[in-house]
Amino acid sequence: MSGLSTAVQEAIEAIEAGPQGPSVGAFFDLDGTLVAGYTAATFYGDRLKGRDVSPAEFLRTVVTAVDGELGGDPTRIAHVAFSAMRGESEEAFADLGERLFRSKIAGTIRRESRALVMAHQRAGHTVAVASAATKYQIAPVARDLGVEHLVCTQLVVGDGQFTGATDGPMLWGRHKASGVRAFAREHGVDLAESYAYGNGYEDVAFLSSVGHPTALNPHRDLRAAAARLGWPVLDLSDPVGGSLVAAGRTLAALATMNAGVGAGLAWGAARGNLTEGRNAAVRLATRLPMALAGVSVDVLNEERLWTHRPAIFVANHQSALDIPVLGRLLDRDFTIVAKKEARWDPRAMVGSVVIDPAWIDRSDSESARATLDGVVERIRSGTSLMIFPEGTRSATPVLGPFRKGAFHLAAQAGVPVVPIVLRNTGELMRRNSLVLNPGVVDVCVLEPETDWSTDDMSERIAALHAKFEETLARWPS
Amino acid sequence: MSPSSSSSSSSEDFERWGDAAAWSAGTELTPMQTLLWRAERHPVQSSTTTVVIDLDRAPDWDRFVAATEWGTGLVRRLRQHVVEPVVPTAAPTWADDPTFDLGYHLRRERVSSREEMLAAAAQVALRPFDRSRPLWEGVLFEGLPDGAAYVLKIHHALADPLGTVQLLSMLQSGRRAHTARKPVGEEQVAPAAADPVDLAVSGLRTDVSTLPGAVRTTARALGVAAARPQAVLASTLRYGASLRRLLTQAAPPSPELSPRTGKQWSFLTFEAPLDPIRTVARQGGGTLDDAAVALVLGGLRRYHLRRDHLVGEIPVGVRVSLARADDLGNRFAQAIISGPLSIDDPVDRVAAVRGEVLSLHTERALEVLDAAAPLVNRMPSFVGASTLRTAAAPDAFVLTLPGPPRKRFMAGAEVQGMYVLGPLPGAALTACLVTCGDTACIGVNVDASAVADLAALEECLAEEVAAFSG
Numbered sequence: 001m002s003g004l005s006t007a008v009q010e011a012i013e014a015i016e017a018g019p020q021g022p023s024v025g026a027f028f029d030l031d032g033t034l035v036a037g038y039t040a041a042t043f044y045g046d047r048l049k050g051r052d053v054s055p056a057e058f059l060r061t062v063v064t065a066v067d068g069e070l071g072g073d074p075t076r077i078a079h080v081a082f083s084a085m086r087g088e089s090e091e092a093f094a095d096l097g098e099r100l101f102r103s104k105i106a107g108t109i110r111r112e113s114r115a116l117v118m119a120h121q122r123a124g125h126t127v128a129v130a131s132a133a134t135k136y137q138i139a140p141v142a143r144d145l146g147v148e149h150l151v152c153t154q155l156v157v158g159d160g161q162f163t164g165a166t167d168g169p170m171l172w173g174r175h176k177a178s179g180v181r182a183f184a185r186e187h188g189v190d191l192a193e194s195y196a197y198g199n200g201y202e203d204v205a206f207l208s209s210v211g212h213p214t215a216l217n218p219h220r221d222l223r224a225a226a227a228r229l230g231w232p233v234l235d236l237s238d239p240v241g242g243s244l245v246a247a248g249r250t251l252a253a254l255a256t257m258n259a260g261v262g263a264g265l266a267w268g269a270a271r272g273n274l275t276e277g278r279n280a281a282v283r284l285a286t287r288l289p290m291a292l293a294g295v296s297v298d299v300l301n302e303e304r305l306w307t308h309r310p311a312i313f314v315a316n317h318q319s320a321l322d323i324p325v326l327g328r329l330l331d332r333d334f335t336i337v338a339k340k341e342a343r344w345d346p347r348a349m350v351g352s353v354v355i356d357p358a359w360i361d362r363s364d365s366e367s368a369r370a371t372l373d374g375v376v377e378r379i380r381s382g383t384s385l386m387i388f389p390e391g392t393r394s395a396t397p398v399l400g401p402f403r404k405g406a407f408h409l410a411a412q413a414g415v416p417v418v419p420i421v422l423r424n425t426g427e428l429m430r431r432n433s434l435v436l437n438p439g440v441v442d443v444c445v446l447e448p449e450t451d452w453s454t455d456d457m458s459e460r461i462a463a464l465h466a467k468f469e470e471t472l473a474r475w476p477s
Numbered sequence: 001m002s003p004s005s006s007s008s009s010s011s012e013d014f015e016r017w018g019d020a021a022a023w024s025a026g027t028e029l030t031p032m033q034t035l036l037w038r039a040e041r042h043p044v045q046s047s048t049t050t051v052v053i054d055l056d057r058a059p060d061w062d063r064f065v066a067a068t069e070w071g072t073g074l075v076r077r078l079r080q081h082v083v084e085p086v087v088p089t090a091a092p093t094w095a096d097d098p099t100f101d102l103g104y105h106l107r108r109e110r111v112s113s114r115e116e117m118l119a120a121a122a123q124v125a126l127r128p129f130d131r132s133r134p135l136w137e138g139v140l141f142e143g144l145p146d147g148a149a150y151v152l153k154i155h156h157a158l159a160d161p162l163g164t165v166q167l168l169s170m171l172q173s174g175r176r177a178h179t180a181r182k183p184v185g186e187e188q189v190a191p192a193a194a195d196p197v198d199l200a201v202s203g204l205r206t207d208v209s210t211l212p213g214a215v216r217t218t219a220r221a222l223g224v225a226a227a228r229p230q231a232v233l234a235s236t237l238r239y240g241a242s243l244r245r246l247l248t249q250a251a252p253p254s255p256e257l258s259p260r261t262g263k264q265w266s267f268l269t270f271e272a273p274l275d276p277i278r279t280v281a282r283q284g285g286g287t288l289d290d291a292a293v294a295l296v297l298g299g300l301r302r303y304h305l306r307r308d309h310l311v312g313e314i315p316v317g318v319r320v321s322l323a324r325a326d327d328l329g330n331r332f333a334q335a336i337i338s339g340p341l342s343i344d345d346p347v348d349r350v351a352a353v354r355g356e357v358l359s360l361h362t363e364r365a366l367e368v369l370d371a372a373a374p375l376v377n378r379m380p381s382f383v384g385a386s387t388l389r390t391a392a393a394p395d396a397f398v399l400t401l402p403g404p405p406r407k408r409f410m411a412g413a414e415v416q417g418m419y420v421l422g423p424l425p426g427a428a429l430t431a432c433l434v435t436c437g438d439t440a441c442i443g444v445n446v447d448a449s450a451v452a453d454l455a456a457l458e459e460c461l462a463e464e465v466a467a468f469s470g
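Chains C and G supply the protein sequences, listed in that same order. Counting from 1, one number per residue, gives the positions in the first sequence under this note's numbering. Counting from 1, one number per residue, gives the positions in the second sequence under this note's numbering.
Isolated chain C, as found in the complex (with noise of 0.2 Å):
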């Protein structure tokens, strides 16, 4: 399965039986469109929340939003924003930009947007956000979209300051076309071929600029007007927020989770062997947890995980979920290699209890080197190495760099390496949150690549993070 709906595989389908290239457009409207909400209410609660705002602004901002939605002008609450923010320094409000994507605006990127966007580029077509939001909204995004094209509102800035004026207009409804035309004379591109997504009632003129214009999660208004001009409207999923239901179930997961350890190495403890012991808790600590938050797991190529043992599995990382996960799959004589500072963390602790990880001192390399020596032999002796090789997170599904030590583990030890593809952790737990919401996790085991060393390794890292982003990018099925 690829997770994608019906409506939304059809619509991928079109845009690879379409004309291809670059003179083919493809603009997304953000706010609502390629993200799930509105990023200035984002900006703004971060405002209030830091209580940067004065009563009266609060309530003049209050009184423009609701006259704007009662058929005043709209637009007049963006312009109130902007001159609040006069004084303002430019680069602290682009980090602002970048400290709200991750910890808030990433989490909201619809899955389905996302998969539109890359067949847009697989395309070669060019990609743009077109919104009336500024580009400290739109750019952090954008480059986690690999989107290179912002068409969007420009604020003057004056020594780093903002000065509270637009440059230009503000590209809403009729400006935003009109700004879509203007970048299509530009860079060569045929509007008649084009695409054009967007989701607000005042997007009619700018979907209208373009040959296949999509109505997307559409407005109430602009679904009509869609119903009425025969234009195509798309439903896409939104990302799910924890629920308290999905809170729940997670806290009983996490106590199951810990008496699945105790049972576990109780038994091993009473029977007298401590491996099985392990063994036992790593099972009862993972696939119980799991059923009760509801998490089951879709396997592809699961046989890959069991022909190469001992072996160091490689997977990508988004979510606190992709440990319990792995866990899961390679159910019995595996150990991870994690950074030192994890070993308090109270997710970490009841895995690190059972399956001994070697801890890495990242500030020591000295220390780091020899924990490694100690690693290679472990493996050697039969017990497998699980490895992030992005070596964090990443807040979004798209695809860090990868880090070479798993693989020069993979040299020293002489064993393969088998690659994991998680695809949708990430949704179901987000990046800094601790509830799990229930779904299907997808799982692909690429093909294991053997006979590692160090003089051609550099190009086989980058031939297998090409094999992990075309996984991603087309699901095989």
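Don't read these hints as lab results, they were simulated from the structure. Hints should not be assumed to be uniformly reliable.
Taking CB as the label site, the calculated pair distances span [said to hold, decoys possible]:
id: 1; chain 1: C; residue 1: 45; chain 2: G; residue 2: 210; range: 52 to 58 Å
id: 2; chain 1: C; residue 1: 58; chain 2: G; residue 2: 261; range: 36 to 42 Å
id: 3; chain 1: G; residue 1: 345; chain 2: C; residue 2: 89; range: 35 to 41 Å
Which residues of chain C face chain G? A partial, calculated answer using Cβ under 7 Å [what the hints assert, rightly or not]:
id: 4; residue: 67
id: 5; residue: 70
id: 6; residue: 170
id: 7; residue: 174
id: 8; residue: 177
id: 9; residue: 181
id: 10; residue: 201
id: 11; residue: 204
id: 12; residue: 208
id: 13; residue: 225
id: 14; residue: 228
id: 15; residue: 405
id: 16; residue: 408
Note that the structure is predicted; figures quoted are calculated from it, not measured. Glycine included, each C-beta is placed from N, C-alpha and C at the ideal position.
Put chain G on the given structure of chain C with help from the hints.
Just chain G now, with coordinates in the frame of chain C:
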């Protein structure tokens, strides 16, 4: 002309004439027609459409009179007048005018130039109708250097501009020669000479008999509202917001197109090949309607530049189909868009107009005038008149009408162009593009009091027509 094509064109004629006879079947005015009829304050709030038809020669007058006589017999409405109930409890009704006299409605005049003819046509249009007679008037202008012109003035209650062009296309002939034994309208049982008092009484009686039903419907609606106050409130607010946007969010009127009195009409006509205009429309992703709006805006842009007073946008009245946007449905709403004057490139201007027009489809209050018409009609006529005035007048109205697809003849004279000059309900100009075969006939009615330099405006519009023609 070969015999076969002549016979096929005459069988086509018979088919069209059959349609013409079936035209105008209803006896009551529709709510919208009623609103326009009762609210009329000619010429400032006028419902008069004037059609100027260029003919390649002056037709034989007797044959022309006979043909018109036949046409009024075929299309009964041309011999009927409107009867108003004494109090507005019912819609006005069409009834045969027992005093119908073709001589009152059709006459001929001699002019020596086209300009003179257009000036005379504007005067014909400015004179009010006798509201107790059939609502049309025709003048054949002879003595023009290259032929003749037939000017037909018609009231909106009888036919809107679209209906007028359809009617004329239907009545014209596919061949130059006379067609003997043309079909004549069936002797319909004309509605028994309608009496204003009877009409009011029967309207009242209908109201009374439907009252219990109306009360029940209202009570049910109130019940629903009481059960789901939030939903009703939200939807009312959304409707109100949409109405407010439609009434207030178009661009402010241009100072170069005021002050308007609505009492000095000036008729301008332009012709251009259709194909290049359609090409520009297609390049901009728009329809012929969008291109027509963009063309008029381009002319006004040139005029504003020449007056050294360019504004970014002006309010333009357009017709929006309430059916699917790209097919010619029968349900239309009038709405005002912000027409861009700042865009130089015709293709880009078409695209911008396209975006503005399609954006109207998100407005749930688009049909508000249609929805309000039946209610407003029960009020004294000044209510209707002020209702129409509330809909803020744009600087320009632009309309596109499909004319005859092929060559047509009137009493042996070939139709060479058909220009529709619409009324000026508060606007500085009204432009209509009629497609006649492969030609676009553009008629512009200008409020001469609103335009400081009429000759310059005519030149600017002509330059833009040339720019669209490639």
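Comparing the hints with the structure gives:
1. C:45 with G:210: 52 to 58 Å: Because 55 Å falls inside the window, the suggested range holds.
2. C:58 with G:261: 36 to 42 Å: 50 Å, violated
3. G:345 with C:89: 35 to 41 Å: 39 Å, holds
4. 67: Since the shortest Cβ distance to chain G is 10 Å, the answer is violated.
5. 70: 5 Å, holds
6. 170: 15 Å, violated
7. 174: 6 Å, holds
8. 177: 5 Å, holds
9. 181: Hint holds; residue 181 (chain C) Cβ to chain G Cβ min 6 Å, cut 7 Å.
10. 201: It holds, given that the least Cβ distance between residue 201 (chain C) and chain G is near 4 Å, below 7 Å.
11. 204: 4 Å, holds
12. 208: Since chain G brings a Cβ to about 5 Å from residue 208 (chain C), closer than 7 Å, the hint holds.
13. 225: 4 Å, holds
14. 228: Residue 228 (chain C) check passes; min Cβ-Cβ to chain G is 5 Å, inside 7 Å.
15. 405: 54 Å, violated
16. 408: 57 Å, violated
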